[in-house]
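Asker: So the protein lines, in turn, are chains Y and C.
The opening residue of the first sequence carries number 1 in full-length UniProt numbering; numbering runs sequentially from there.
The opening residue of the second sequence carries number 1 in full-length UniProt numbering; numbering runs sequentially from there.
The hints are simulated quantities; they were obtained by calculation from the structure and are not laboratory data.
Check before you lean on any hint, since a few could be wrong.
Same chains, same names: a pair is fine if it fits in one copy or spans any two.
Below 30 Å or equal to it, Euclidean Cα-Cα: the simulated DSSO-like pairs (lysine-lysine) are [unchecked claim]: (1) K72 <-> K180; (2) K82 <-> K54; (3) K180 <-> K82; (4) K154 <-> K54; (5) K180 <-> K54.
Protein chains: 2
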Amino acid sequence: MPEPRGGRPAPRPGPRAAAGAPVASPWQPGGREAQRALKRDAVLRTAAQLFNEKGYAASTLEEVAERLGVSKPTVYYYVDSKDAILYECVKTGLEMLQQAVREVDAAGGSAYQKLLAAMHAYVDIVTQDFGMCVIRVGEDPLPPAARQKLRRMKAGLDHEFRELIRQGIAEGSIADCDPKLAAFTLAGALSWIGRWYDPGGALDPAGIAAACIGVLTRGLAAPPAPAATGRRRAAR
Amino acid sequence: MPEPRGGRPAPRPGPRAAAGAPVASPWQPGGREAQRALKRDAVLRTAAQLFNEKGYAASTLEEVAERLGVSKPTVYYYVDSKDAILYECVKTGLEMLQQAVREVDAAGGSAYQKLLAAMHAYVDIVTQDFGMCVIRVGEDPLPPAARQKLRRMKAGLDHEFRELIRQGIAEGSIADCDPKLAAFTLAGALSWIGRWYDPGGALDPAGIAAACIGVLTRGLAAPPAPAATGRRRAAR
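Excised from the complex, chain Y in its bound form:
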């Protein structure tokens, strides 16, 4: 996995990192600001992997430190608490999703095309560490104020999907449906992937996305046979 280097802080969340991919411990000399950002990112990403694997309650900062080969006080130099880590992990995952929706919107096309692109980006993100953490752990274990902020971000994302569906119905590119419940249906189907996806498994995120989005866009019901109005009907 290429890692950002040089004098500037590493962009969070950085390039696509397959969920569970080993985080290179960045405790080596380098530009101070960049090193700090890299190290903080490594702490957060390692914690996200741990939460996703073992659940939030069973995860400890000792184990985060162990995986990175540093001491617990070193970890505390970059983050305040386990709650603060979870908040940052979920926030980062949600920001990745927000960013993807913004990019899709900027790229133009019909609302249906935008929705398709947003769905593919969604799967790509929920199969990465921070996005997976949004789905597997989420904001539930956090104190009310933090929970509230993250829920607002989630509601905003849900609103974006709903809006795309509403626009698609209006312009005729999306089938007539209840935009709110259709958005929930998409969110459920796509989020579920973040729960069962196994980074070491045989299925890759792009293949999963194609199959899942195929069902969501074309539906499970077999299309009517193309010759139904012609000879085949007469043959019944």
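Starting from the known structure of chain Y, arrange chain C on it as the hints suggest.
Answerer: Just chain C, lined up with the frame of chain Y:
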């Protein structure tokens, strides 16, 4: 809500109980066996409601006792531990889902019709206390042996959905797709309902099921205009 009465133990899980509906405290005289079954069911159902509302970690048996107007030792007379309660709640929810799939299969029809009926039953169950507990809490907090048993039940259910899809593709009633990933897509979309469904909200389970299953069966993409081969095409 009608409650089973008389000399026989109450059938678990009993008639459809809207999630979060107050559980009548059954601490009154009556047939001994039936009373015991009713009381145990009340403990489990009240616990499931509490887990669904507050999360498993934040729930206590004191609060279960309080809600039922009994003492904590009385609750312990019916169940061994919080873990044992969660196990029973999730197992009951999964048994309801298994039972629904069996009934659907017995009712006959095309694989697509069976799948439709199973999906409607699924939504009906994940919007009730025990089914919602399967989705919101699940087996994750339990010790390995219990977790393993419940996971096997879940895998069996997933297999049933996959099998119906496979049969539907073979007989032509279901569109060509990857049965495993299509089953995951359904499971995700339908299970998600158990996470956001608000028993006191404006949307009823039947309406939610119709909208969600509509998207899953017909797809989001607008169908091609019926007159596309006739005048409308000529008008472009």
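Asker: Does each hint fit the structure? Answer for all of them.
Answerer: Consistency of the hints with the structure:
Neither within a single protomer nor between protomers do K72 and K180 lie at most 30 Å apart by alpha-carbon distance, with minima of 45 Å and 43 Å respectively. Taking CA atoms no more than 30 Å apart as the test, K82 paired with K54 passes in both settings, with 14 Å inside one copy and 20 Å between copies. In the homo-oligomer, the alpha carbons of K180 and K82 never lie at most 30 Å apart, since the shortest distance is 34 Å inside one protomer and 36 Å across protomers. Taking the shortest Cα distances, K154 and K54 sit within 30 Å of each other both inside one copy (24 Å) and across copies (19 Å).
For the homomeric pair K180 and K54, the shortest alpha-carbon distance between copies (25 Å) is at most 30 Å, but the shortest distance inside one copy (33 Å) is not.
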